[in-house]
Amino acid sequence: MDESALIRSASEGDLNAFNRLVLEYQEVAFNVALRMMGEVPAAEDATQTAFLSAYKNLHQYRGGSFRAWVLRMVTNACYDELRRKKRRPTVSLEDKRNEEEVGLEEYELIADPSAPDPQLTLERNELEHAIQHCLDALPADSRAVVILADIEGLDYEEIARAAAAPLGTIKSRLARARFKLRDCLQAFEELLPARYRLIKEDRE
Amino acid sequence: MIRQVSDREREQLSALLDGRLSTAEKAALEQKITASPELAEEWGQLQRLHAMMKELPRHRVRRSFTLRAGTVPERRPSPFLLPMRWVSGLASIALVILLAADYFPLLQHNGMIAPAPAAPASASESVQADRSAQGQFPSQIITWSTPTPRAFGKGGGPGESLKQSVPLQQDNAGANMAAPAPAPMLEAPAEAQPAATSAPLESSGEKPSAEGPILGIRPTEEQGKILETETPSEAAANAPERSLHPAAEIILLILAVGSAATAILLKKRK
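Residue numbers (this note's numbering), protein chains in the order written: chain A, 29 to 232; chain B, 6 to 275.
What the hints contain is simulated information worked out from the structure, not anything from laboratory work. Computed from a prediction, not measured in an experiment: that's the story for all the values here. Each residue gets a CB set at the ideal place from its N, CA and C atoms; glycine is no exception. Worth double-checking, as some hints may not be accurate.
As the list claims (entries may be wrong) - Sample of chain B residues lacking proximity to chain A, with all beta carbon distances greater than 12 Å (derived):
1. LEU87
2. LEU95
3. ALA265
Said to hold, decoys possible - Keeping only pairs whose Cα atoms sit at most 20 Å apart, straight-line, the calculated EDC-like set for lysine to aspartate or glutamate is:
4. LYS199/A with GLU254/B
5. LYS37/B with ASP23/B
6. LYS114/A with ASP169/A
7. LYS59/B with ASP164/A
8. LYS199/A with ASP107/B
9. LYS59/B with GLU31/A
As the list claims (entries may be wrong) - Part of the chain B face toward chain A, derived, beta carbon under 8 Å:
10. ARG8
11. GLU43
12. ARG63
13. HIS64
14. GLU254
Start from the sequences and build out the full structure, keeping to the hints where you can.
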């Protein structure tokens, strides 16, 4: 059954059809949520909320990129969770324990055949830690745009749909987010391997 | 002096990275990059950042996010769906009944009785005498030697083309008419037939009726007689109403359409 047939069945109440769509998109949804939230438990909660919301609002899907539509559910769930956390900044002991146990570095990565070298894996972990730190410093809407564009590879139109913002806003927001990330990462220059440094060696 | 890169230029660099510039814009920006070391440095850093972001690892999901039947909110139809359907149906039926009542004269009046036909000439003449006695100059229907097709029941009722408000000369009997003053413009002067009396009948295909001046040609001896008179108020009262309850019809139409649309939307949103 192709995607449009699955969507049609799911919108008519076929839970099995909807779950097939979930299996198709859960990885990209979780990775976006993880970059938005910065921690695994919050990302899992946001992803589950997003799929529940997607099932409930599937009748509102009007065609076009279904990936962008699902990611809109994910970004909305992340915004809600971030606002909730901002209102209640206390962290429970359990969350803290979960954070420590399942940091990004320890989280199971998708096997990367191009990086069998442990050294390379370590470098990538350091890079990821630095980038995540700088992503966390961005406003939520700018963070979403740069994640969707530079990590997930969506085009401007899909990003506009996923972020529920006009195209012009997406362009300017993405540009500002990228250069803010650049400025933040320059603080990690000393910690990053040379190949990941933004400033060229000959200028140092 | 170090040149500051503007926000606009940074936005252009970002668009260049995503291939969103036109050919002309791209060429102009590349020329500027070549000419400005600061701009070239910004462009280089942006490209390296983009490459680093693309190298970020992807993470496997620890668990499935599929929904279970017990945890999924049931999709029940809205409680307003059935009432909306009923309202739409009843409003539509009521609208149809009202429209039928408007356009079928049999359904007008309480007893569903047709309005009484026009009074015969003799009765009208007596009415005319009464009206004259009261000093009124009611509308009059007069048949003439060359009636127009409109006189033969096309449109019916008083107030048709031959009706004139010019007071006519009458003898004491009120029966025979002297030749009238120059007639005012009739409604359909082009239709006046100079031919014999029977010609219009042939063209219209109708036979003269023995009753009522409107429906046919009066016998020759009665031509020129005042056959029926009505005051304007009577004419207005007898005129069939176009619509009995226009406001009610509009309201019912809006109600029927609105509730049907709401029911469709509620069904889609279940």
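Item checked: Earlier hints that do not hold, by number -> Violated: hints 4, 8, 9, 10, 11, 14.
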